[in-house]
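Chains as they are written, first to last, in our numbering: chain E, 1 to 464; chain W, 465 to 945.
Take the hints with a grain of salt, since some may be wrong.
Cut-off 25 angstroms, straight-line C-alpha distance, at most; resulting in silico cross-link-like pairs (DSS-like, lysine-lysine) [said to hold, decoys possible]:
(1) Lys526(W) to Lys632(W)
(2) Lys60(E) to Lys739(W)
(3) Lys919(W) to Lys739(W)
(4) Lys263(E) to Lys919(W)
(5) Lys263(E) to Lys368(E)
(6) Lys919(W) to Lys60(E)
(7) Lys458(E) to Lys284(E)
(8) Lys263(E) to Lys458(E)
(9) Lys945(W) to Lys458(E)
(10) Lys632(W) to Lys684(W)
(11) Lys945(W) to Lys430(E)
(12) Lys368(E) to Lys458(E)
(13) Lys602(W) to Lys684(W)
(14) Lys284(E) to Lys263(E)
(15) Lys155(E) to Lys739(W)
(16) Lys341(E) to Lys263(E)
(17) Lys661(W) to Lys430(E)
(18) Lys919(W) to Lys632(W)
(19) Lys284(E) to Lys661(W)
(20) Lys430(E) to Lys284(E)
(21) Lys60(E) to Lys155(E)
(22) Lys430(E) to Lys458(E)
(23) Lys602(W) to Lys526(W)
(24) Lys341(E) to Lys284(E)
(25) Lys661(W) to Lys341(E)
(26) Lys430(E) to Lys263(E)
(27) Lys368(E) to Lys284(E)
Hints listed in this document are in silico derivations from the structure and should not be mistaken for laboratory results.
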Amino acid sequence: MTSPPHGKDEIPEVSCAQDREQLARGVAEEAIQRGASAAEVLVDEGRDFSAVVRLGAVEKLVQVSSRRLGMRVFHGTRCAISSTSDFAPAALHRLVRDTCDMARATGADPAAGLPPVELYARDLPELQVCFPAAGRLPAEEKIAFARACEEAALKYDPRINNSEGAGFADSVTSVTYANSIGVCRSYDKSVCSLYAAPLAELDGLKQRAYWLTTHPDLGQLQSPQQVGAEAARRVLRRLGARRVATCTVPVVFDPLTAGAVLKRLADALSGTALVRQASFLTGKLGSQVASPLVTVYDDALLPGGLASRPFDAEGVPSQTTTVICDGVLESYLLDSYSARKLALRSTANSNRPLHGAPCAGPSNFYLKAGTATPDEIIATVRNGLYVTELIGFGVSIVSGNFSQGAAGLWIEGGHLAFPVEEITIAGNLKDMLTSVEAVGNDLLALGEVFAPTLLIGKMVISGS
Amino acid sequence: MTSGKAEPGNIFADRFGITERDLDRLLSVALSRGGDYADMYLEYRTRDMLALEEGVLKSATKNTFQGVGVRVVVGERTGHASADSLEMSEMLPAATAASAIAFDAGPVPPTLPVARRRSVHNLYPVLHPLADCELAPKFLLLEEANREARAYDPRIVEVRVVLANEVKHVQVYSSEGAAAADVQPLTVLQVSCIAGKEGERQIGIKGGGGRVGLEFFELKSPSYFARNAARQAVLLLDAAEAPAGPMPVVLGPGWPGVLLHEAVGHGLEADFNRKNLSAFAGRIGQRVASDLCSVVDDGTLPNRRGSLNVDDEGNLTGRTVLIENGILRGYMHDTLSARLTGAAPTGNGRRESYANLPMPRMTNTFLLPGASSPEEIVRSVDRGLYAVDFGGGQVDITNGKFVFSASEAYLIEGGRVTAPVKGATLIGNGPEVLTRVTMVGDDLAMDEGLGTCSKDGQNVAIGVGTPTLKISEITVGGTRK
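Excised from the complex, chain E in its bound form (with noise of 0.2 angstroms):
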């Protein structure tokens, strides 16, 4: 085969930090001459590729180029948002011009504002969150690590006889942020993922599962054939899956679902849902929430870590939060707004989707590994439930009710003993953080929130 010439040198090369520090610098301070009282500039510009693989041919070769500027704009305690990927200069000119005309429109809110001059005091953390390499890996090995990694799962037993596809995908992404008090300040960072989608078939019913390896350097991501093999157990585990009556029993989360579950507790813990009431977490700081088995943290400076940054959306320096310490809540996530209108200090928090307004949010979000592995866990559970999917969006953070579509394995007598699905599992946030009553070793950054194998003494399962 031909190898597709998808090589660096056809790609114009992402703009220089110097550059974009300039042009960032430039907005604001027109913004300022428009009559701001302040203003800040955030630019991203990035690079994305992608390829899947699927039955072993290549099906789709993606590339993105991105860049975008965004700003906010303050008029006094009046503010306004405004983004947009042509950087022509009549272009900027034009949006800074309707910008600080919004902002004047706007009402008055007195927690609005750049950050306080003294979160900037610190000195920004030493952090390496760019890895070249796989910048530099030319497309026909991307391909050949996606290809391997299918070919591992549909190698590894008969039953498995079809595939939604497996992918590799990379991207570099450079953040430059300014402000109007002098703040100015750049960084790059990378990510790589690896995946693998494959179908399993038994008496004519197909299931499917998926499993993905993802970090920001290429060395650290699992082998395509680890990828593949894992991908293929979870949807051998499936096949022959069937309903369950309805009880009241423990369910085990497996550290994917486990995952899901502590971002919606994340989301609670948001200072712009607690702003807005609307979280269940709302005036708890200080008292116990959880077991005395959750600790969790919020760290943008874990090392490898998939949203390790030196800086927040606001340009404040990263830190480490000790959000839950056994299981009392100690700390919100907060960004400069949130934190001023609950009378508290910014945790470096603000994330910033750049056609979107800034709001607070979780960085690297976990909860600590406990002690016990996951076959440990599971013999302690007589009847009960491992969960390994969980869907729909049956989960309100502003009343804490949780009810969510669920497939996985049936325990019984401490084993795993068969699959099951079509059922619920149902109770409240609030119930399920106290009655954590094991906490798995088995921690590994499957995302940007992640956590260990979890056990909750007691939920509804709703089935036939």
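Chain E is already provided as a structure; the job is to place chain W on it using the hints.
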């Protein structure tokens, strides 16, 4: 632009100076290594948003998106490259990068067509576009919603009102002659109310919109959405725990049609079926629903959120019969699935933006009305659930299992709607659930215009609809046995 009327070539020629000669040149570069098909998708989109919180206009937001996606197809392979730019100097490298997919194709690129198809519908004429509107009338809408929601009940502790409007200019230019351009307005007003009582909190969210202008709110006022959101939040404060287990469920008209979107809609998107990934693969002509059920996907309903004059591949949108009297009739196609399976495109090729690949996606998906009155449907249930509003849903298209989560539901006891219950997820099996539809109402309604569908990480605006219907048994995921 003062209306949604499509004027081919407009903004891309006028503001960015892109001529058809430029587009032909980009296509030639895209196909320079060979390939069966190539297209370009040019997009210029502005999105404005106002948010009122704590009674104050907290922020005004303005976003501009522009760029091009160049695609080359060779057999089942697709190469795609995008750039956040409409300058030739940045579009040409994208075309070159996309061409790389044809690494082993024949040396002879297809010749470009002379005749070009430009026709589009005109489904969303807009009288008063929000994009041209001063701040004052928009602010009045927000204030009205805020006032009404707060006045509804003293237990309403917070109200957030968001008014968002976008105008998306697109042009599709393909090696097979598509040259469609469209201007797609999209407006949404959303009211979120938080109710609180003794440390408990609940949320009610209502809103609506579509490919409409300011005139939409004369028929559906901000007060209407605000009162409903407040009512729902307060109702949930006093709601009982939802029941657990299988039982008869009656769905109210309108947005509960999200059942169709999850249970059958995604499973009938042709990409999944072409690759034999869907539980519905190979089942055309077979019974997948009771004979009371006919389901269509229709992208041509005037002013609807899920409607399009032309899909994102330049094909005219249409009305596709998916299920007719219980029999599976067809799938929803994009250009690629139509080409590879020998079917005609159905106008369902959609993409979130120029940076994403098009896929078969739904537009407005709904169940056609039946003969029963809503009252007799409820009367026919001895013990069950009456669900009138839902949050989101999700489906595993491979095994067919789907969920959708009720945000407003009541018990039915002895043929009467009684106590409200807290939100619960309903779970079922797509190829089975519609065979259990035993009554269909005569009250078809479409949703209010808030729906967004996510597939493979891409979000697009959709609509759903249904008349009142009865499912003889589905599992309700509450906590009360």
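So if I understand the rule, the pair passes when the alpha-carbon distance is 25 angstroms or less; does Lys919(W) with Lys632(W) pass? Roughly 20 angstroms separates the two Cα atoms, so the pair holds.
CA of Lys526(W) to CA of Lys632(W), is that 25 angstroms or under? holds (14 angstroms)
Taken at face value, is the distance from the CA of Lys284(E) to the CA of Lys430(E) at most 25 angstroms? holds (11 angstroms)
For Lys661(W) and Lys341(E), compute the direct alpha-carbon distance and say whether it is at most 25 angstroms. Answer holds: Lys661(W) to Lys341(E) is near 22 angstroms, not above 25 angstroms.
Under the criterion that the straight-line Cα-Cα distance not exceed 25 angstroms, is the pair Lys284(E), Lys263(E) satisfied? holds (18 angstroms)
Next pair to validate is Lys945(W) with Lys458(E); report whether the Cα-Cα distance is within 25 angstroms. holds (14 angstroms)
Compare the distance between the alpha carbons of Lys919(W) and Lys60(E) with 25 angstroms, and conclude whether the hinted pair is satisfied. holds (16 angstroms)
Is it true that the CA of Lys632(W) sits at most 25 angstroms from the CA of Lys684(W)? Holds. Lys632(W) to Lys684(W) sits at ~24 angstroms (cutoff 25 angstroms).
Given the proposed pairing of Lys430(E) with Lys458(E), does the C-alpha separation stay at or below 25 angstroms? Distance ~13 angstroms between Lys430(E) and Lys458(E) Cα, so the pair holds.
Going straight from one Cα to the other, do Lys263(E) and Lys368(E) come out at no more than 25 angstroms? holds (14 angstroms)
Restraint check for Lys602(W) with Lys684(W), where alpha carbons must lie at most 25 angstroms apart: Roughly 15 angstroms separates the two Cα atoms, so the pair holds.
Just to be careful, I want the Cα atoms of Lys60(E) and Lys739(W) compared with a cutoff of 25 angstroms; is the pair within it? holds (14 angstroms)
Of the numbered hints listed earlier, not one is contradicted by the structure.
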